[in-house]
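First to last, the sequence lines map onto chains W and Y. Per the working numbering, numbering through the first sequence is continuous, rising by one, with the last residue being 172. Per the working numbering, numbering through the second sequence is continuous, rising by one, with the last residue being 196.
Hint data in this document are derived by calculation from the structure and do not stem from the laboratory. One should not assume that every hint holds.
[What the hints assert, rightly or not] Taking lysine-lysine pairs in the DSSO-like style, the calculated list, with each CA pair at most 30 Å apart, reads:
(1) Y:Lys6 <-> Y:Lys170
(2) Y:Lys170 <-> Y:Lys20
(3) Y:Lys170 <-> W:Lys15
(4) Y:Lys170 <-> Y:Lys194
(5) W:Lys148 <-> Y:Lys194
(6) W:Lys152 <-> W:Lys15
(7) Y:Lys6 <-> Y:Lys194
(8) Y:Lys20 <-> Y:Lys194
(9) W:Lys152 <-> Y:Lys170
[Said to hold, decoys possible] Just a sample of chain W residues kept apart from chain Y, beta carbon distances all over 12 Å, derived:
(10) His4
(11) Asp16
(12) Arg31
(13) Thr49
(14) Arg117
(15) Glu129
[Unchecked claim] Computed spacing ranges between beta-carbons, pair by pair:
(16) W:Arg135 <-> Y:Ser115: 52 to 58 Å
(17) Y:Ala122 <-> W:Arg145: 17 to 23 Å
(18) W:Phe141 <-> Y:Arg149: 52 to 58 Å
(19) Y:Asn4 <-> W:Pro121: 27 to 33 Å
(20) Y:Pro69 <-> W:Ala5: 28 to 34 Å
(21) W:Ala113 <-> Y:Ser19: 52 to 58 Å
(22) W:Pro121 <-> Y:Lys194: 29 to 35 Å
(23) W:Leu164 <-> Y:Glu128: 46 to 52 Å
(24) Y:Thr193 <-> W:Asn28: 45 to 51 Å
(25) W:Gly111 <-> Y:His156: 46 to 52 Å
(26) Y:Gln70 <-> W:Leu164: 40 to 46 Å
(27) Y:Asp125 <-> W:Leu164: 49 to 55 Å
In this text, a Cβ means the ideal position worked out from N, Cα and C, and glycines have one as well.
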Amino acid sequence: MPTHAWHEAVIQAFKDNNVRLVVYVPDNVLRPLIEAVHADDFFTTFVATREEEAVGIICGAAMAGLRGMVLMQTSGFATLANVLASLCVAAQIPALMMVSERGTLGDFQVGQAIVCRTMRPILQTLGIEHHTMTRLDEAHFIVDRAIKQAYKTQAPVALILSPLLTAQRVSL
Amino acid sequence: MTRNTKMMNRFELTTRLVSKLKNEEAVIGGIGNSNFDLWNAGRRPQNFYMLGSMGLTAPIALGVALAQPQRRVFALEGDGSILMQLGSLATIAAVNPRNLTIIVWDNGLYQITGSQPTATAAAADVVEIARGAGISQSSWANDEEDFERLIERALHGDGPWFIAARIDGKAPAAQTPREPVSIKDAFMRGMGTKPA
């Protein structure tokens, strides 16, 4: 069955890989995904007060056998360098992260635009696998393969949701 | 700030806690002296020793508690560390895991960095903070026997629990080896999520 919205493709990939825990710090772009995981009994989902806290929660869950994903926006990702370096990368924990990319392609917030420039350099410096998702027809493939690789290689991964994916109207 | 609680010792209390763990309970030792004294209290496969990520002991323990609801989980955290991530107490209260206990060792010091005072040395009360965050079962341990009584409650009743103990500034006898991958692998075997 074809999927008509990016969040449907993402949810299917979570289910295909038994990612049952979703911890998030809210973001308007992520809203359809957040609402969908709340509405689906497959998932345990709740809000964290900080992105760093959410990464700690899913790392504990991952070590104890429950796969978890953190949802956040770009500015939240910018708070994570220490936990990524000293927990996820150092201990080789497959922390799964999904970041809605703010501060690009027309964003009017100066702060978002500046902090956005720090995201990929942080990921590259820490050697963390990351993929930018721009197309609906690739969305499931990227999320599915990225989760599988993270678990097989015991490494964190970041999936960046571009406005090219999340802000475009889909013609049915 | 004066309190009616006895000043105790972190290693002694950690040893008392570990001696009560008969059912492969998970223990997450926070950065620095909290995990060093857990290490010194005896090796257990169910111990995770945090070598970085200051403040994330309680969140990591929450993740373990959610993954394995049949297992009791303890987080051992310092006052300086918990002050760094107070929001996590509100999250724990909201999620309300019945199998999770947060223990805070409070000596009013950033002991490992040169014993600079924390905010608990002035006016902050971590038990009142935890209660205000929504963890209603939050208590100071008055002395060693009271600490053991609170641990017994946490082992048999429905949590979440928050226990704080006023401790001295004595340094741990030895430090945990800085081997994060070995620590994680050992913990996962202790949790039954990695083959022996």
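A quick look at each hint next to the structure:
Restraint check: the Cα-Cα separation between lysine 6 (chain Y) and lysine 170 (chain Y) comes to about 15 Å, which is no more than 30 Å; the hinted pair holds. For the proposed pair lysine 170 (chain Y) and lysine 20 (chain Y), the alpha carbon gap of about 23 Å is at most 30 Å, so the pair holds. Of the supplied pair hints, the one linking lysine 170 (chain Y) and lysine 15 (chain W) is violated, its CA atoms being roughly 49 Å apart against a limit of 30 Å. Distance hint between lysine 170 (chain Y) and lysine 194 (chain Y) is unfulfilled; the C-alpha atoms sit about 36 Å from each other, more than 30 Å.
Simply put, lysine 148 (chain W) and lysine 194 (chain Y) have alpha-carbon atoms about 17 Å apart, close enough for the 30 Å limit, and the pair holds. This hinted pair checks out: lysine 152 (chain W) and lysine 15 (chain W) have alpha carbons roughly 17 Å apart, not beyond 30 Å. This hinted pair does not check out: lysine 6 (chain Y) and lysine 194 (chain Y) have alpha carbons roughly 41 Å apart, beyond 30 Å. At roughly 25 Å between alpha-carbon atoms, lysine 20 (chain Y) and lysine 194 (chain Y) fall within 30 Å of each other, so this suggested pair holds.
A threshold of 30 Å between alpha carbons decides the hint, and for lysine 152 (chain W) with lysine 170 (chain Y) the separation of about 43 Å lies outside it, so the pair is violated. Its beta-carbon lying about 32 Å from the closest one in chain Y, histidine 4 (chain W) satisfies the requirement of being farther than 12 Å from that chain. With 12 Å as the threshold on Cβ separation, the claim that aspartate 16 (chain W) sits away from chain Y holds: the shortest Cβ distance comes to roughly 20 Å. The claim that arginine 31 (chain W) is not at the interface with chain Y holds, since no C-beta of that chain comes within 12 Å of its own (minimum 20 Å).
At roughly 3 Å, the least C-beta separation between threonine 49 (chain W) and chain Y is not larger than 12 Å, which violates its mark as non-interface. Under the 12 Å C-beta cut-off, the non-interface status given to arginine 117 (chain W) relative to chain Y holds; the minimum distance is some 25 Å. No beta-carbon of chain Y is positioned within 12 Å of the beta-carbon of glutamate 129 (chain W); the least distance is around 18 Å. A C-beta distance of roughly 56 Å is found between arginine 135 (chain W) and serine 115 (chain Y), which places it inside the suggested range of 52 to 58 Å.
Judged by the Cβ atoms, the range 17 to 23 Å given for alanine 122 (chain Y) and arginine 145 (chain W) is violated: they are separated by roughly 52 Å. Checked against the hint of 52 to 58 Å, the pair phenylalanine 141 (chain W) and arginine 149 (chain Y) passes, with Cβ atoms roughly 56 Å apart. Take asparagine 4 (chain Y) and proline 121 (chain W): their Cβ atoms lie about 52 Å apart, and the range 27 to 33 Å is violated. In this structure, proline 69 (chain Y) and alanine 5 (chain W) meet the distance hint of 28 to 34 Å, their C-beta atoms being roughly 33 Å apart.
Between alanine 113 (chain W) and serine 19 (chain Y) the CB atoms are about 56 Å apart, so this pair conforms to the stated range of 52 to 58 Å. Distance hint check: the CB atoms of proline 121 (chain W) and lysine 194 (chain Y) are about 33 Å apart, consistent with the given range 29 to 35 Å. At about 49 Å, the CB distance of leucine 164 (chain W) to glutamate 128 (chain Y) agrees with the hint of 46 to 52 Å. Between threonine 193 (chain Y) and asparagine 28 (chain W) the CB atoms are about 36 Å apart, so this pair departs from the stated range of 45 to 51 Å.
Checked against the hint of 46 to 52 Å, the pair glycine 111 (chain W) and histidine 156 (chain Y) passes, with Cβ atoms roughly 50 Å apart. Between glutamine 70 (chain Y) and leucine 164 (chain W) the beta carbon distance is about 44 Å. The supplied range of 40 to 46 Å therefore holds. The hinted range of 49 to 55 Å is satisfied by aspartate 125 (chain Y) and leucine 164 (chain W), whose Cβ atoms lie roughly 50 Å apart.
Against the hints set out earlier in the document, violations occur for numbers 3, 4, 7, 9, 13, 17, 19 and 24.
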